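Peer 1: Sequence:
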Amino acid sequence: MQLDHVTLRTADLDGTRQFLEDLLGLTVGFRPNFSFPGYWLYRDGEPIVHLIPSGGAPVGRDAETIDHVGFRLEGYGAFRGRLDATGILYSTMDLPELGERRLFVHTPGGILLELVFRDDVETN
1 MQLDHVTLRT
11 ADLDGTRQFL
21 EDLLGLTVGF
31 RPNFSFPGYW
41 LYRDGEPIVH
51 LIPSGGAPVG
61 RDAETIDHVG
71 FRLEGYGAFR
81 GRLDATGILY
91 STMDLPELGE
101 RRLFVHTPGG
111 ILLELVFRDD
121 VETN
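Residues 1 to 124 (UniProt numbering) make up the sequence shown, in order.
In case anyone wonders, no lab produced these hints; they're calculated from the structure. Warning: the hint list may mix true and false statements.
Restraint ranges, calculated between C-beta atoms of paired labels, are given here [stated by the list, open to error]:
1) 67 with 94: 29 to 37 Å
2) 96 with 34: 40 to 48 Å
3) 73 with 4: 15 to 23 Å
4) 54 with 3: 34 to 42 Å
5) 99 with 52: 30 to 38 Å
6) 22 with 116: 16 to 24 Å
7) 86 with 118: 18 to 26 Å
8) 95 with 52: 31 to 39 Å
9) 116 with 35: 31 to 39 Å
10) 1 with 67: 31 to 39 Å
11) 54 with 4: 16 to 24 Å
12) 44 with 108: 21 to 29 Å
13) 82 with 3: 31 to 39 Å
14) 27 with 97: 31 to 39 Å
A quick note: this is a predicted structure, and the numbers were derived from the prediction, not measured. Note that CB positions come from ideal geometry on N, CA and C, so glycine has one too.
My request is simple: use the sequences and hints to build the entire structure.
Peer 2: So this is what it looks like as structure tokens:
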């Protein structure tokens, strides 16, 4: 089994689309003619992120929700440099025991994205 896609509800549909295109290099592709707006964002010919509008209402702390979405990428140093150059705020987590480094960023609507890199890591 593998994860097919993630659907993100956002109050800022176009801003989130543009953010994910710029940040992750995703591209808008075919989407069936649903009765509501949205985008399917593709990577390597596959629609991996679906964006749909939300009412923008906050979710209560006791509601079940997805905490964050993680993407595996390559080129940690260059990617972090790009975040610095564009002024996108992020936090880091290095896990040398897993051979991973992670960057955490938020979409314009506040969705947490975890960016996982397995390169540029020294393991002991």
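Peer 1: All the hints need checking, so say for each whether the structure fits it.
Peer 2: Do the hints match the structure? See the list:
The hinted window of 29 to 37 Å between residue 67 and residue 94 is violated, with their beta carbons roughly 20 Å apart. At roughly 44 Å, the beta carbons of residue 96 and residue 34 sit within the given window of 40 to 48 Å. Between residue 73 and residue 4 the C-beta distance comes to about 19 Å, which sits within the given range of 15 to 23 Å. Taking 34 to 42 Å as the suggested C-beta distance range, the pair residue 54 and residue 3 does not conform, at roughly 21 Å.
Between residue 99 and residue 52 the beta carbons are some 35 Å apart, a value that agrees with the proposed interval 30 to 38 Å. At about 19 Å, the beta-carbon gap between residue 22 and residue 116 stays in the expected band of 16 to 24 Å. At about 23 Å, the CB distance of residue 86 to residue 118 agrees with the hint of 18 to 26 Å. Between residue 95 and residue 52, the C-beta spacing of about 32 Å keeps the proposed range 31 to 39 Å intact.
The beta-carbon spacing between residue 116 and residue 35, approximately 35 Å, falls within the hinted interval of 31 to 39 Å. The hint said 31 to 39 Å for the Cβ distance between residue 1 and residue 67, and at roughly 20 Å that hint is violated. Restraint check, residue 54 to residue 4: a C-beta distance of roughly 21 Å satisfies the suggested window 16 to 24 Å. Distance hint for residue 44 and residue 108: a CB-CB separation of about 25 Å, consistent with the stated range 21 to 29 Å.
Here the CB-CB span from residue 82 to residue 3 is close to 25 Å, at odds with the stated 31 to 39 Å. A beta carbon spacing of about 35 Å between residue 27 and residue 97 agrees with the range 31 to 39 Å that was offered as a hint.
Going through the hint list in order, the structure does not satisfy hints 1, 4, 10, 13.
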